[in-house]
Each structure stands twice: as structure tokens, then as C-alpha cells.
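Residue strings, one per chain:
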Amino acid sequence: MNEELLRVRDLSVTFATRERSVRAVDHVSFDVRPGEVVGLVGESGCGKSVTSLSILGLHEQPAARVTGSIRLGERELVGASRAELREVRGNRVSMIFQDPLTSLNPYLRVEEQLAEVLELHKNLRGPAARARMLEILSQVGIPGEERLRAYPHQLSGGMRQRICIAMALLCGPELLIADEPTTMLDVTIQAQILELLRALRLERKMSILFITHDLGVVSEICDRVIVMYAGRVVEQARTRELLQTPLHPYTEALLQSTPRVDVPRGGSLHPIGGLPPRLSADRLEECAFAPRCPRAREGCRNGEPALSSAGGERLRRCIVPLAEMTAGRS
Amino acid sequence: MSKSPFQLAMQRLLHNRMAILGGLLLALIAFGCVFLPVLLKLDPNLTQPALRNQPPSARFLFGTDGLGRDLVARVLVGGRTSLLVGLAATAVSVLVGVAYGALAGFYGGKIDEAMMRLVDFMYGLPYMFLVILIMLMFSETARGDMLPVFLALGLVQWLTMARIVRGQVLALRRQEFVLAAELLGVSDARLLIRHVLPNVFGVIMVYATLMVPSVIILESFLSFLGLGVALSWGQLVSDGIAVINPIRSYWWILLWPSSFLGITLISLNFLGDGLRDALDPKGKT
Chain A
3 MNEELLRVRD LSVTFATRER SVRAVDHVSF DVRPGEVVGL VGESGCGKSV
53 TSLSILGLHE QPAARVTGSI RLGERELVGA SRAELREVRG NRVSMIFQDP
103 LTSLNPYLRV EEQLAEVLEL HKNLRGPAAR ARMLEILSQV GIPGEERLRA
153 YPHQLSGGMR QRICIAMALL CGPELLIADE PTTMLDVTIQ AQILELLRAL
203 RLERKMSILF ITHDLGVVSE ICDRVIVMYA GRVVEQARTR ELLQTPLHPY
253 TEALLQSTPR VDVPRGGSLH PIGGLPPRLS ADRLEECAFA PRCPRAREGC
303 RNGEPALSSA GGERLRRCIV PLAEMTAGRS
Chain B
2 MSKSPFQLAM QRLLHNRMAI LGGLLLALIA FGCVFLPVLL KLDPNLTQPA
52 LRNQPPSARF LFGTDGLGRD LVARVLVGGR TSLLVGLAAT AVSVLVGVAY
102 GALAGFYGGK IDEAMMRLVD FMYGLPYMFL VILIMLMFSE TARGDMLPVF
152 LALGLVQWLT MARIVRGQVL ALRRQEFVLA AELLGVSDAR LLIRHVLPNV
202 FGVIMVYATL MVPSVIILES FLSFLGLGVA LSWGQLVSDG IAVINPIRSY
252 WWILLWPSSF LGITLISLNF LGDGLRDALD PKGKT
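Line by line, the protein sequences are chains A and B. Counting from 1 along the first sequence, just add 2 to a position and that's the residue number in the working numbering. Counting from 1 along the second sequence, just add 1 to a position and that's the residue number in the working numbering.
Same shape as in the complex, but just chain A (with noise of 0.2 Å):
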């Protein structure tokens, strides 16, 4: 089965500040297909968490302007009415954030809030919704009836990220977008959480749309990899072929400023110098990244480069000869 269970194309999204506009995504195209883990890739501003509220329709309109076409199976969401996106929210595509400490209501205890979700979607209430939480409970490792009665201050954060992750899983979604889930997790809590995260993908063949910066993360958990830079994708790649051999300087400065446990300690992190762009509406003159681009040459003044094929499903936005990327690399 190759056909896509989502399908992002020229995504645009402009928001119309009183000054100028800001383009944060822009003609972004990509993905994701059924049981696939697909990481969206990049620093803090470049549009990732704006491309995925796209996909549940969450920029309220007229402030933004959202146009190209999102497709979930046979459904645009892109112009989608209110009811539409409500009937798709939290049963087909659901979404888990960040902060699990700011994700659940304090006012309601774990079981009103799972119940609401059931309600909505499945019109399930009374003993069959309790047997659903339960169920869904213990696959997220959160045995025991007393859960359910709890109010969410009485649980740590790695147990409310799990109550978030059952809430979002409660309808059997096909797309689950995790907006930095691991972020505000201690490492142990993050690997475990992780590991719940592979293990549901596995059993549900349920698709995960991951957006993080952290490419440690990315690694441990996503099959496919798409960078993004000031709203662009700059570079798409199978997740081992992109950490081996990163075919934008981009990726490239991303990897090197990242600690590793296999590389000996001694050697210095590269941060990258600057900062991104200021995003406008405007055509480009030049590459968005070369101004920080320590591979910057004359060529990348005129005019931004396309995204084209490296090879296979490989894609990149960059005129650097390939042979000059992957030289000193196995």
C-alpha cells in the first residue's frame, strides 16, 4: 500500500501584521503515509508547529492566510468548514504538545476529560466509555482505576504527557501530530515516552508526524526526515541517509551542532553563526540560508535555489555540487 494518508502541497501561510506580511511557510509539499513516522525538521521560527496547526485547520482567518491544498485520505482540510475540521479534530488527526503541564484542564479530573473526547466523536458514554478509558489507559501504561479520578496536578509530568497521548489515541486517529512532545521531559521520561510512541505506531499502524529540533530525537524514532528553513524545506531524506550524509549545509551545520555519544568528547559543538531571516512575503533574491551558510558562493546570490532530486527520494534546495557534500564522508 503506497498511497499517502496526508498529502501537503505548496502550502502557504501568510500572516498580515499591521507593517508587512509574514510568509511562515511557504510552498511547502510533502507527505506522510500510512504507518510512516515522518520528522519535521528545524530551529525555533522556521514553520513547523504553524504547518502543523495547518493541518487541523487552527490559524484563524483573516489573520492568517492559509492556501494550497492539505488532503487527509479523500478530504481537503485547506478552506474546510468549522464543522468539517471539528469532525476530523481529535478523531482522525489528533495532535499531543509540548508542555503536559499546561496541556491538561486543572479543573477536570483525567476521566471528564478523556470522556469528553468519546462523547464528541464516538457517542459513547456510561460503562462502555469507562471500559474504552481503561483500555486505552493501560496501553499507555497507566494501570488502575484511581487514575481515572485524578485531577491532573496529582500526576507528574511523564503521567500527564501519557494522559495526553491516551487522550489523543481515544477515537484510533490515522494521524497523530506530536509538536515537540519530548521537550519538556527529562531524559529518561523522554526515552520512555518515546518508546510508548514506537510501540502504538507499531500496533496501530497509526502515522506520527514529528516536529522537533532535537535531531537525537529524530534519530530514535521517525523513518523520514524533512528539514525545514525560514518556512522552506530545504532538504527531505530517509532518516539514516540524512544523519550519514547531509546533502544541505543546512542539515549539515544542524548535525554539527549537535551533541553526540559516538563522537569522542573533547571535540567542540559548531553552532551556527546569525540568525535566520526575517520572513516576508517577498520573493527571495538569494538562498534563505546564505548569509549562514559556511558554503556559500557566488552562485547562491542569484535567485533561490529550487527543490530538486538528489537521488531516489532524496530532495534538496541547494547548487552545491553533491560531490562537494559528501567528500571526507564514507
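These are computed hints drawn from the structure, not numbers from a lab. Just so it is clear, CB atoms sit at the ideal spot from N, CA and C, and this is done for glycine as well. Do not rely on the hints blindly, as some may be mistaken.
Incomplete in silico selection of chain B near chain A, CB under 10 Å [as the list claims (entries may be wrong)]:
| # | residue |
| --- | --- |
| 1 | S3 |
| 2 | S5 |
| 3 | L9 |
| 4 | R13 |
| 5 | G24 |
| 6 | E177 |
| 7 | F178 |
| 8 | G186 |
| 9 | D189 |
| 10 | F202 |
| 11 | D274 |
With chain A held as given, fit chain B onto it using these hints.
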């Protein structure tokens, strides 16, 4: 059994001595005002010309006024009006203010802009004039009816409540749990009623508690000016001041209503402060 955040707050409140003291005093005064005049068959309007301006004694605990009326009866019955006006006008302003502020904050953007400019405009009006105007308008048609007082005071006080609620809702609207609920497909109305408002409830309660005393003062002020509609503490204070002069002072006529008024106001403030500390232990607001 697990406790809700609200139950935890009530627990904290019970450990606050000043708040408990305030609550007890209030309960005592309210009980006295509501039940004692009935139980003891006190008549605040019974004049006894032979017993004018009597100082406090065993027969008249608080003394009598210039027409020989028993001040115990008058203070207690007057308290009914003051407390009732305080509660009812606050209820009006909470109802209007919360609904208005919640809608503005929830929908934000242009709707919020328009709604809040109206509030700003009304803030700019001299509210005392407004109240006096409303009272005068109604005083001809409905003498003795207290509804105009509730409305006049409530309609002036709701502005602050609307601003507070709007700010809170605006902030909560962007909280992740509200976003999460929205992403799970929860409708607007449900989002507002079930996820946003319960989280503002504490703030509403605190400000409502602190609003009661300011409404009572306002009403007393109106009564003091002679714009009151019924016997209240403000009117009694006004009577008391009238008989204070350098030659002969009937101090008790002023002392009792002002003491009751003062104790009630202080108690309400202690209770409100206690509530604020209990509901918001981190001191966010």
C-alpha cells in the same frame, strides 16, 4: 478521594484566620439583620415622642433617635437593605460583566476591539452622574422599589468585571489545554463554558467579594445624599451626622450604623483577600 483545585483552595481558606473572622462576623451581621427584627418583633418606624434621643440603656441597647425610634430595630432593618443591595447589584454586574468579558476575550480580534472600546467609553462617563440620573428617572415611577438601585449600581460596576474577565479569558484561550480541547473537536460554546470559565471562576469570585463592599458604600453614599429608596445604613449615618453639633451631641445615633457599616466592609475585604490568597497561592493576579 482526590480533591479538586477548588476544594484545595477552600482548604487553604479555612487556614486563614482573618478570612474566617471576616466570614463569621458577616454571618453574624447577616443573621441579625435578616432574622432578629422578625424574631423580636422590632418595628423600625414606631415613633415614641416621649422617648426622643435616649442614650443607650437596658431598654434601648443602642438608644433612640430624634423621633424616639429604637436604633436596634433601625440598624438591623437598615442592614437588610445594605446587604441586599450589595449582593443583588454585584450579581447583576457579575452576570453582565462575565458574559460580556468572556465573549470579548474568547473571540478576540475585531469583536474584542469593538466591545472593549465601548467599555472604555463607558468608563469615561462620570458614573456617579449616571447612577444619580438613573435613580432620579426611576424614583418618580417606582418609589420604594429597589430594582432601580440594583440596576443602577450593577450597570456601573460591570465594567471592571468585564475587563478582568476579558483579560483572563484572552490569556486562557491560548493556553495549551484549551487549544488541545479545540484540537480534539470541542465546540466553541463548550470550550468556553467547560474549559475556560471554570478556570476564571476563582478570579470572578474574588472580585465579586471585593465588589460587594464598594457597592454597599455607593448605596450608602446615595442614601446619604437623599437618593436612597429605603431605610439603609447610609441613610442612618446621614441621620446621625445631622444631629452632631458643638452644643449637644447624640453620638449613638451616628455610632451604631457607622460601626455596622465599617465592620461589614472590613469583613468583606478580609474575606476577599483570603479568597484571593487561597485561589491564587502563587500570587499571579
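Verification of the supplied hints:
1. A least Cβ separation of about 5 Å between S3 (chain B) and chain A falls short of the 10 Å threshold, and the interface hint therefore holds.
2. Taking 10 Å as the C-beta cut-off, the interface hint given for S5 (chain B) holds, the closest approach to chain A being about 6 Å.
3. A hinted interface residue such as L9 (chain B) counts as satisfied when its beta carbon comes closer than 10 Å to some beta carbon of chain A; here the least separation is about 8 Å, so the hint holds.
4. Taking 10 Å as the C-beta contact cut-off toward chain A, the hint placing R13 (chain B) at the interface is violated, the least distance being around 14 Å.
5. Annotation: G24 (chain B) was flagged as interfacial toward chain A, and the flag is violated, the nearest CB pair being 24 Å apart, outside 10 Å.
6. A hinted interface residue such as E177 (chain B) counts as satisfied when its beta carbon comes closer than 10 Å to some beta carbon of chain A; here the least separation is about 4 Å, so the hint holds.
7. Hint status for F178 (chain B): holds, given a least beta-carbon distance of 5 Å to chain A, under 10 Å.
8. The closest approach between the C-beta of G186 (chain B) and any C-beta of chain A is roughly 4 Å, which is under the 10 Å cut-off, so the hint is satisfied.
9. Given hint, D189 (chain B) at the interface with chain A, holds; its Cβ is 8 Å from that chain's nearest Cβ, closer than 10 Å.
10. The interface hint given for F202 (chain B) is met, as the beta carbon of that residue sits about 8 Å from the closest beta carbon of chain A, less than 10 Å.
11. Taking 10 Å as the C-beta cut-off, the interface hint given for D274 (chain B) is violated, the closest approach to chain A being about 23 Å.
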